[in-house]
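Okay, here's what each chain looks like letter by letter:
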Amino acid sequence: MTERTMQPAGLRASLRGKGAVPRGSYDGSFFRRRTLAIVAAAVVFVALGAVSGTFVGFDSIKAILDVPGGLVWMATQFVPSLPSLDKLGTILPALGSTILASIASSCTAAVLAYICAVLGSRSVGVGGPVPLVVRGIASLFRNIPVVAWAFILLFSFKQSEFTGFFALFLTSFGYLTRCFLESVDEMSTGPVEALRATGATYGQIVAHAVIPLSIASVVSWVLYMIETNIRDATLIGILTGTGIGFVFDIYYKSFRYDVAGLVVLAIIAVCIACELVSNYVRRRIL
Amino acid sequence: MTPSGSVVLPNDRRAEAAASRSARPRGDAGDSRTEVRFAPAIPTISGTAETLADVTNDLRSTNNLQPEDDPRVPAGARVTRSGKIKTRVASKPNVALMLTLGVLALVTVFTMVTMNYGKVPFAQAFAAAVGDFVTMMLQPGLAGHFTLPDVVEGLFVSLALALLTTFIGAVIAFVLGLLAASNLSNRAASNAIKVLMSVARAVPTILWVLVFSVAIGLGPEAAVIGLLFHSVAYLVKAYSESFEEVDAGVIEALRASGASWWQVVFQGVVPEKVNEMLSWTFIRFEINFVNAVAVGAVAGAGGIGYQLFLAGSFYYNIHEVGLIVYLCLAVAVVLEVVATKLRKRYIVQH
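From first to last, the protein sequence lines are chains S and H. Per this note's numbering, the very first residue in the first sequence carries number 1; after that it's consecutive. Per this note's numbering, the very first residue in the second sequence carries number 1001; after that it's consecutive.
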């Protein structure tokens, strides 16, 4: 399977050689060629890994030896101590605002992304250059590093909750547009055609066919986005000085690892709770 | 949208018909638009269900028919007390969906109202942000803090970090994925690995990197190990799910012929799934590159992300940020296009 799909036809033919067996009859060299292809792919991967390892100065033996030590260090240093529990008063509000910002940014981004996705869809969109433009914008917003967004927003909006929210909003918008485009394009076109045949307007088609057909998968994506945003909010919080990321950064940089550990535990709890809730909701709506 | 769930109906025959219809897949909108089927029976159609129902109502009153006796009402259609055909039925998934949307909307409105917007006037700040964005995108350039070779080298460092993470992660995830696949492993091992992976996924990547950069010192090792946790968790999930799709007959046939566990894996499972595994691995490589840039910025792990961080928070130079953003964009867009193609070709088909 590997060689058939990974290599161009010419290479495949030359690999078969002169003594190629006619199609349909038993080819004794099949397994030998397959093993050869797998070994060759593995050698290429290892070589690429070795080149990039030497390039960045990655010491694989040191890394392997460091992992257990690092985990033990983490387990001993990041255990929340009793005095650190007093800091819950500052941790919990920050955690709450992070959760709220994650939900709000996912939902607002979802509304905008859905409009863009419907207009830019290849099956039910408005056509013309719109699909290309929408795909371009989605790719631009998704692939500009979140670090760059954080700086631009921090320059003008300064350090406020809105800055963190807006940074999450911009990245969610790019990601969700791409996902929604796929959901809208994947749905069956029968109902849309039926409505079009009865003379429904574009608005009626969207309201009575496109939205009912895609809403469940859209909600599922939004739930996934909320989960992702809660995790990403930590990074954005460190960069923009908002929410739970900022609280972690303060204690981490002042070597109060016990409090930082408490923050990490709180984030873990919220992430797992969020995953469970969204799995439950997904089961109910699908 | 398909009528389902229990709604009181005029007689038992209807109830049975409705029950049999409820087995159809959800979201079949053609089914809920009763007016489409209805059309030939009525001379004038204006297009919406309400009007149609009114027409039916009028016809019924003139003919003095009960709704359930009306031959024009299709069997199984729900009728209200006044005789109109219901076009929306409150089934359980619909109620849950509406509830979810309602809660999300409420939380969003609450957040937007109570959010702290800072001391800066909003319109002014927004205009400044848009201006900065336009400057960044239209006037990228170097201002003397970095040379072009520096930045390109940084880009390759980030790529190399992502590559290393992906390769090491793929090897670890392959073994764990085999142990986590329910058809190749026992229940206890499978569940233990799945729980472990969901905990590893719950900690944000950046925290893993920050913690390891203190525990084992700054450097590429800390960055790669920190990035590995999410990589492994993601790939274990992808690999084990694709292993579980392998036809049980193939595995059984190999086992029956006396193949060992490793022979089952390498003769039955891997040849069938190798394309899918490679696609998932490449998709993860794309994510790892984005993460490597972000991690470089915050944890000082080097690469183009660190240069982006310096340009943004130390030199405050929007032109340099622009140039670095363009380099990242170029790589990310190429990776995204390839990943999308691979996904379409090898993963979505099932």
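Hints are not guaranteed to be accurate.
What the hints assert, rightly or not - To give an idea of the chain H side of the interface with chain S (calculated C-beta under 10 Å), a few residues:
1) Asp1150
2) Thr1166
3) Cys1328
What the hints assert, rightly or not - Restricting the straight-line Cα-Cα distance to at most 30 Å, the calculated cross-link-like pairs of lysine-lysine (DSSO-like) are:
4) Lys1273/H to Lys1194/H
5) Lys158/S to Lys87/S
6) Lys158/S to Lys253/S
7) Lys1344/H to Lys1194/H
8) Lys1237/H to Lys1194/H
9) Lys87/S to Lys253/S
10) Lys1084/H to Lys1237/H
11) Lys62/S to Lys1237/H
12) Lys1344/H to Lys1273/H
13) Lys1273/H to Lys158/S
14) Lys1194/H to Lys62/S
15) Lys253/S to Lys1237/H
16) Lys1119/H to Lys87/S
Because the hints were derived from the structure by calculation, they are not lab data. Note that the Cβ used here is the ideal one computed from N, Cα and C, for glycine as well.
Against the structure, the hints come out as follows:
{"no.": "1", "hint": "Asp1150", "verdict": "violated (15 Å)"}
{"no.": "2", "hint": "Thr1166", "verdict": "holds (9 Å)"}
{"no.": "3", "hint": "Cys1328", "verdict": "holds (5 Å)"}
{"no.": "4", "hint": "Lys1273/H to Lys1194/H", "verdict": "holds (20 Å)"}
{"no.": "5", "hint": "Lys158/S to Lys87/S", "verdict": "holds (25 Å)"}
{"no.": "6", "hint": "Lys158/S to Lys253/S", "verdict": "holds (21 Å)"}
{"no.": "7", "hint": "Lys1344/H to Lys1194/H", "verdict": "holds (27 Å)"}
{"no.": "8", "hint": "Lys1237/H to Lys1194/H", "verdict": "holds (8 Å)"}
{"no.": "9", "hint": "Lys87/S to Lys253/S", "verdict": "holds (16 Å)"}
{"no.": "10", "hint": "Lys1084/H to Lys1237/H", "verdict": "violated (49 Å)"}
{"no.": "11", "hint": "Lys62/S to Lys1237/H", "verdict": "holds (28 Å)"}
{"no.": "12", "hint": "Lys1344/H to Lys1273/H", "verdict": "holds (15 Å)"}
{"no.": "13", "hint": "Lys1273/H to Lys158/S", "verdict": "violated (50 Å)"}
{"no.": "14", "hint": "Lys1194/H to Lys62/S", "verdict": "holds (28 Å)"}
{"no.": "15", "hint": "Lys253/S to Lys1237/H", "verdict": "violated (34 Å)"}
{"no.": "16", "hint": "Lys1119/H to Lys87/S", "verdict": "holds (27 Å)"}
Going down the numbered hints, you'll see the structure goes against 1, 10, 13 and 15, while the others check out.
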